[in-house]
Amino acid sequence: MSQTRLIAIEQDILAKNDSFAAVNRQLFAAKGVFVLNLMSSPGSGKTTLLTRTLTDLKGRFPMAVIEGDQQTSFDADRIRATGTPAIQVNTGRGCHLDAQMVTQAVGRLPVETGSVLFIENVGNLVCPAGFDLGEAHKVVVLSVTEGEDKPLKYPAMFAGADLLLVNKIDLLPHLTFDVARMIAYARQLKPDLRVIEVSATTGQGLEDWYGWIAAGLAKAVAGRGA
Amino acid sequence: MHELALSQGIIDVIRDQAAAQGFARVKTVRLVIGALSHVEPQAIAFGFDAVSRGTIAEGAVLDIERPPGQAFCLSCEKPVPLPERSAPCPECDGHQLMVTGGEEMRVKELEVE
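Residue numbers (our numbering), protein chains in the order written: chain C, 1 to 226; chain W, 227 to 339.
In isolation and in its complexed conformation, chain C is listed as follows (with noise of 0.2 Å):
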């Protein structure tokens, strides 16, 4: 008759992620490339910012694109009509990017020294902020055209973030929207959590995202190999 024994592990259920988020982070690190992953609800006009973004800022710097979707490849082809070059990772039925699919993705893109990579996550304010990709920052996109209350019904997702990005505020006018209480939901949950208002239709606002890329890019280059 077998013996029952216990046995003690204490081990991250994340482990095996982490440790692909870790190869991913020297990756990058060595080849100073700025990384950040972008996450949202399915709607918040994500794509068409980055598209916008791609377009204003092409020839400043290289950049390269990861897209995640549970399907199609609709996204990956809008940003590669930008001359940006992208992957898109289907994810089936799964609900977010892991680091592992992002490590099979840089294989695959030619991600050059001194670069900006954007990885769109699936569009999903719950899974993709548990999952460590290796990234720089985590950038959360909401729209004025969803619920001002959306930080306190997904904490997780912007305790993590390091910026949000506002977007579509040139609708509201039409809209009884409270930036300001939204702003100040989010800030419970991240006291030090960096904001900028976009409206990926009109421009405004964009030059301090593009600002706050540049800089963000210029720290990695500076930091590389270091």
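Calculated directly from the structure, the hints in this document are not laboratory data. Just so it is clear, the structure is predicted and the values come from calculations on it, not from any experiment. There is no bait here: all hints are sound.
In silico PhoX-like cross-links for lysine-lysine, where the CA-CA straight-line distance does not exceed 20 Å:
id, chain 1, residue 1, chain 2, residue 2
1, C, Lys219, C, Lys31
2, W, Lys334, C, Lys16
3, W, Lys334, W, Lys253
4, C, Lys190, W, Lys304
5, C, Lys153, C, Lys190
Guided by the hints, dock chain W onto chain C, whose structure is given.
What follows is chain W alone, placed relative to chain C:
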């Protein structure tokens, strides 16, 4: 359903341990899932049931420990309990809080044979 991916993570840990420590069946899996972590124990149990089928952990009992949320209040300069992420400091009602506990998700122990 990221709980499915996390359940797969638990199975991965068990598989590695089985190879290293030589056991053939898992009777109990003790997990630590903090109150502020982004998973529901019920969803983990559901996901685990699905992904453990056909593995050495099939039919294992999941025993989930739930450490409470803890934070350090920068205004009060002391540790305080944090029942949920968006809750204010129970002393000063402020939000200058640094989460210090309750976010963990780990496999603590296995009962095997």
